[in-house]
Amino acid sequence: MKKAIVFNKVKKNFGKLEALKGIDLTIDEGEFFALLGPNGAGKSTLINILAGLMKSTSGSVKVMGHDVTSDYQNARRSLGIVPQELVFDPFFNVREMLRFQAGYFGKGRENDDWIDEVIEGLDLQDKANTNMRMLSGGMKRRALIAQALVHKPPVIVLDEPTAGVDVELRKKLWQFIKKLNQKGHTIVLTTHYLEEAETLCSRVAMMDQGKVVALDKTRNLLKRFSAKNLNLRLDLKGKKIPASIQRLIQKTDQNFITFLLKEIVEVEFIIGELKKSKIAILDMELTNSDLENVFLKLTGSKK
Amino acid sequence: MNFKDEFLGTWTLLKKELLRFWRVVFQTVAAPVITAVLYLLIFSHVLANHVKVYDNVNYTAFLIPGLIMMSLLQNAFANSSSSLIQSKVMGNIVFILLTPITYLQFFIAFLIASIVRGVFVGTCIYLFALLFVDLPMLHPWIIFGFAMIGGGLLGTFGIIAGIWSNRFDQMAAFQNFVIMPLSFLSGVFYSIHSLPPFWQKLSQLNPFFYMIDGFRYGFFGQSDVAPLLSLSIVAAFFIVLASITLGMLKSGYKLRG
Chain A
1 MKKAIVFNKV
11 KKNFGKLEAL
21 KGIDLTIDEG
31 EFFALLGPNG
41 AGKSTLINIL
51 AGLMKSTSGS
61 VKVMGHDVTS
71 DYQNARRSLG
81 IVPQELVFDP
91 FFNVREMLRF
101 QAGYFGKGRE
111 NDDWIDEVIE
121 GLDLQDKANT
131 NMRMLSGGMK
141 RRALIAQALV
151 HKPPVIVLDE
161 PTAGVDVELR
171 KKLWQFIKKL
181 NQKGHTIVLT
191 THYLEEAETL
201 CSRVAMMDQG
211 KVVALDKTRN
221 LLKRFSAKNL
231 NLRLDLKGKK
241 IPASIQRLIQ
251 KTDQNFITFL
261 LKEIVEVEFI
271 IGELKKSKIA
281 ILDMELTNSD
291 LENVFLKLTG
301 SKK
Chain B
1 MNFKDEFLGT
11 WTLLKKELLR
21 FWRVVFQTVA
31 APVITAVLYL
41 LIFSHVLANH
51 VKVYDNVNYT
61 AFLIPGLIMM
71 SLLQNAFANS
81 SSSLIQSKVM
91 GNIVFILLTP
101 ITYLQFFIAF
111 LIASIVRGVF
121 VGTCIYLFAL
131 LFVDLPMLHP
141 WIIFGFAMIG
151 GGLLGTFGII
161 AGIWSNRFDQ
171 MAAFQNFVIM
181 PLSFLSGVFY
191 SIHSLPPFWQ
201 KLSQLNPFFY
211 MIDGFRYGFF
221 GQSDVAPLLS
231 LSIVAAFFIV
241 LASITLGMLK
251 SGYKLRG
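Respectively, the protein sequence lines represent chains A and B. With the working numbering applied, the first sequence covers 1 to 303. With the working numbering applied, the second sequence covers 1 to 257.
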């Protein structure tokens, strides 16, 4: 299978800080790939080097076989980047911006049909002649995605595309992106919404502190780190959870305490310990592990 | 990328830059034209009988080419510098940086857009000035040549300022501490022969002086310095600044981290 993106020993230093510590990563053509990690993991630095917005300290990056430094024109023609920030040019309307963006890639009026298709696909018809300044956040996000697609790039990178976007729009965006993937476009996604990566992406790389800490098919990762969550709503009434089961607590929110189970028999143990301490269980649910658990295990961090 | 694609890329960026200033034409064209016309009305009225310039050239006529060139230079600088600083601050510069546009295409598009705005403002001032005075145009090609190279020089300087500045106040420092003093101390309102020797020598270090003096020669056939010398000096400044700008763009200085 042809390689869409190859990162080869990519390092990036900012003074003494090692933001990327030698990233080796290959993404195949046609993949729907997720790049996950907390803030400061190095995801955006990696994307910026891929996009040519930043230079690596060492190592190389290729897009569809084109080096992003020595053959940057062909590399950029193969790449559509949706930036994380809601940036826009206040002087122009949506259609003008899309035409300009296509023009930078050497595409003229013959590309107008595709621009119409992108506008329609992203539900921007009503706003096509509206100034970018007048668009809502969600609409600006759609226009940014449209801008990344105007030159029909085979590889599309979306850097946190659904941050701050409402649920309905998020669904529409994913439908559109999924269609692009089905048509053969390679999609790379960075996100904080782990459930998005879990449902959409066939393969996942998890980054932490400038390194890839896990790289596998999503289902393999979930299987490898298979575990169950026991979510309990407790009537504590000022009592403390026994020390014997505190080590199993993964997270606590207002309603539920989540215990991470390695084996199902631990359910019995937890309930027994709570009984001993006379803590009543008000509600209970057992769920499968998700990417968030995998991520927390890999990075050793707690929410 | 073939030549057709590169040409279309450059043309698109140029068109975007031209449309950008045209969308705010009151600010980018009408305002500097009105300012120049006010200078003309006030200074020609106040100084007409006090400042001695060339023989056979009245002070109002003398003033006009200087005002045209000064506005042309200031607006050429403003076009590239304000476009770049706005794009950097708002973040939309990425739309260009993500494309296959080369550093040379980038330079050409910003340069031409700056020249066009400068020349357009200058032409408007010229047309307004014709209402007040009959202005000769003895050497139109010299006028054209100085307009092009002057606009190009300041457009290039504007690119340097736009790339170097990270904030609007840094850009304002360029405007207020470099462009304005050089404009006003360039002989727009007087001939440097009327200055004491020290100030004459100092004026000769100012590139704006040569641009205005040479431009004025195109109208009256008279100047403080030989026009060929002025053109050579301005061309040398342009080559130096263009080389610096191309170096900055090629290395991605302050644009690509």
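To be clear, the hints were calculated from the coordinates, so they are not data collected in a lab. We put the beta carbon where it would ideally sit given N, CA and C, even for glycine. Hints should not be assumed to be uniformly reliable.
What the hints assert, rightly or not - Pairs of lysine to any residue residues, derived as SDA-like cross-links and limited to a Cα-Cα distance of at most 25 Å, are as follows:
| # | chain 1 | residue 1 | chain 2 | residue 2 |
| --- | --- | --- | --- | --- |
| 1 | A | Lys-152 | B | Lys-254 |
| 2 | B | Lys-250 | A | Thr-162 |
| 3 | B | Lys-254 | A | Asp-67 |
| 4 | B | Lys-254 | A | Met-134 |
| 5 | B | Lys-15 | A | Asp-67 |
| 6 | B | Lys-15 | A | Thr-130 |
| 7 | A | Lys-55 | B | Ser-243 |
| 8 | A | Lys-297 | A | Gln-209 |
| 9 | A | Lys-16 | B | Gly-257 |
| 10 | A | Lys-179 | A | Thr-162 |
| 11 | A | Lys-152 | B | Ser-243 |
| 12 | A | Lys-21 | B | Tyr-103 |
| 13 | A | Lys-9 | B | Gly-252 |
| 14 | B | Lys-88 | A | Gly-121 |
| 15 | A | Lys-152 | B | Val-94 |
| 16 | B | Lys-254 | A | Leu-53 |
| 17 | B | Lys-15 | A | Asp-112 |
| 18 | B | Lys-15 | A | Lys-21 |
| 19 | B | Lys-250 | A | Gln-209 |
| 20 | A | Lys-55 | B | Lys-15 |
Unchecked claim - Ranges between beta-carbon positions, derived for each pair:
| # | chain 1 | residue 1 | chain 2 | residue 2 | range |
| --- | --- | --- | --- | --- | --- |
| 21 | B | Ala-172 | A | Trp-114 | 41 to 47 Å |
| 22 | B | Ala-30 | A | Lys-152 | 50 to 56 Å |
| 23 | A | Tyr-72 | B | Phe-26 | 37 to 43 Å |
| 24 | A | Ile-249 | B | Ala-172 | 42 to 48 Å |
Claimed, not checked - Over 12 Å on every C-beta distance to chain B, these chain A residues come out as not near it, computed from the model:
| # | residue |
| --- | --- |
| 25 | Lys-11 |
| 26 | Lys-16 |
| 27 | Thr-45 |
| 28 | Asn-48 |
| 29 | Met-54 |
| 30 | Leu-79 |
| 31 | Leu-86 |
| 32 | Trp-114 |
| 33 | Asn-131 |
| 34 | Met-132 |
| 35 | Leu-180 |
| 36 | Ala-243 |
| 37 | Lys-251 |
| 38 | Leu-261 |
| 39 | Lys-297 |
Verification of the hints:
1. In summary, the hint linking A:Lys-152 to B:Lys-254 is not supported, as the alpha carbons are separated by about 29 Å, beyond the 25 Å threshold.
2. For a cut-off of 25 Å, the pair hint linking B:Lys-250 to A:Thr-162 is broken: about 34 Å separates their Cα positions.
3. Restraint check for B:Lys-254 and A:Asp-67: the C-alpha separation of about 22 Å stays at or below 25 Å, so the hint holds.
4. A hinted pair counts as satisfied when its Cα atoms are at most 25 Å apart, and B:Lys-254 with A:Met-134 does not qualify at roughly 30 Å.
5. The suggested pairing of B:Lys-15 with A:Asp-67 is violated, with an alpha-carbon distance near 30 Å, which exceeds 25 Å.
6. For the suggested pair B:Lys-15 and A:Thr-130, the alpha carbons sit about 19 Å apart, so the restraint of at most 25 Å is met.
7. This hinted pair checks out: A:Lys-55 and B:Ser-243 have alpha carbons roughly 22 Å apart, not beyond 25 Å.
8. Pair hint A:Lys-297 plus A:Gln-209 holds up; C-alpha atoms about 15 Å apart against a cutoff of 25 Å.
9. For the proposed pair A:Lys-16 and B:Gly-257, the alpha carbon gap of about 16 Å is at most 25 Å, so the pair holds.
10. At most 25 Å may separate the alpha-carbon atoms for a hinted pair to count; A:Lys-179 and A:Thr-162 meet this at roughly 17 Å.
11. For the hint pairing A:Lys-152 with B:Ser-243, the CA-to-CA distance comes to about 35 Å; that exceeds 25 Å, so the pair is violated.
12. Distance check on the hinted pair: A:Lys-21 and B:Tyr-103 sit about 30 Å apart at the alpha-carbon level, beyond 25 Å; violated.
13. Taking the CA atoms of A:Lys-9 and B:Gly-252, the gap is near 22 Å; set against the 25 Å cutoff, the hint holds.
14. For a cut-off of 25 Å, the pair hint linking B:Lys-88 to A:Gly-121 is broken: about 30 Å separates their Cα positions.
15. With a C-alpha separation of about 18 Å, the suggested pairing of A:Lys-152 with B:Val-94 holds against the 25 Å cut-off.
16. A hinted pair counts as satisfied when its Cα atoms are at most 25 Å apart, and B:Lys-254 with A:Leu-53 qualifies at roughly 10 Å.
17. Between B:Lys-15 and A:Asp-112, the direct Cα distance comes to roughly 17 Å. Compliance with the 25 Å bound is thereby established for this hinted pair.
18. Proximity of B:Lys-15 to A:Lys-21 is assessed by CA-CA distance (about 42 Å); at most 25 Å being required, the pair is judged violated.
19. At most 25 Å may separate the alpha-carbon atoms for a hinted pair to count; B:Lys-250 and A:Gln-209 exceed this at roughly 31 Å.
20. The suggested pairing of A:Lys-55 with B:Lys-15 is violated, with an alpha-carbon distance near 29 Å, which exceeds 25 Å.
21. At roughly 42 Å, the beta carbons of B:Ala-172 and A:Trp-114 sit within the given window of 41 to 47 Å.
22. Evaluation of the 50 to 56 Å hint for B:Ala-30 and A:Lys-152 yields a failure: the beta carbon distance comes to about 41 Å.
23. Separated by about 39 Å at the C-beta atoms, A:Tyr-72 and B:Phe-26 satisfy the suggested range of 37 to 43 Å.
24. The beta-carbon spacing between A:Ile-249 and B:Ala-172, approximately 56 Å, falls outside the hinted interval of 42 to 48 Å.
25. The beta carbon of A:Lys-11 sits about 14 Å from the closest Cβ of chain B, which is more than 12 Å, so the claim that it is off the interface holds.
26. Listed as outside the interface, A:Lys-16 is consistent with that label: its C-beta sits roughly 16 Å from the nearest C-beta of chain B, beyond the 12 Å cut-off.
27. In this structure A:Thr-45 is not separated from chain B by more than 12 Å, as the shortest Cβ-Cβ distance comes to only about 9 Å.
28. Non-interface call for A:Asn-48 relative to chain B: violated, since the shortest CB-CB distance, roughly 7 Å, does not exceed 12 Å.
29. A Cβ of chain B approaches the Cβ of A:Met-54 within 12 Å, the least distance being about 4 Å, so the stated non-interface status is violated.
30. Distance to chain B contradicts A:Leu-79 as a non-interface residue, since its nearest Cβ pair spans about 8 Å, not more than 12 Å.
31. Interface exclusion of A:Leu-86 from chain B breaks down, the closest Cβ pair being 9 Å apart, not more than 12 Å.
32. With a least CB separation of 15 Å from chain B, A:Trp-114 remains clear of the 12 Å interface cut-off, as annotated.
33. Non-interface status of A:Asn-131 relative to chain B is broken: a Cβ of that chain comes within 12 Å, the nearest being about 10 Å off.
34. Look at A:Met-132: its CB is around 9 Å from the nearest CB on chain B, not clear of 12 Å, so calling it non-interface is violated.
35. For A:Leu-180, the requirement that its beta carbon stay farther than 12 Å from each beta carbon of chain B is met, with the minimum near 18 Å.
36. At the 12 Å boundary, the C-beta of A:Ala-243 stays outside the reach of chain B, the nearest C-beta of that chain being 49 Å off.
37. With a minimum CB-CB distance of about 35 Å to chain B, A:Lys-251 clears the 12 Å threshold, and the non-interface call stands.
38. The non-interface label for A:Leu-261 is consistent with chain B: the shortest C-beta to C-beta separation is roughly 44 Å, beyond 12 Å.
39. Residue placement check: A:Lys-297 keeps its beta carbon more than 12 Å from all beta carbons of chain B (closest about 33 Å).
Going down the numbered hints, you'll see the structure goes against 1, 2, 4, 5, 11, 12, 14, 18, 19, 20, 22, 24, 27, 28, 29, 30, 31, 33 and 34, while the others check out.
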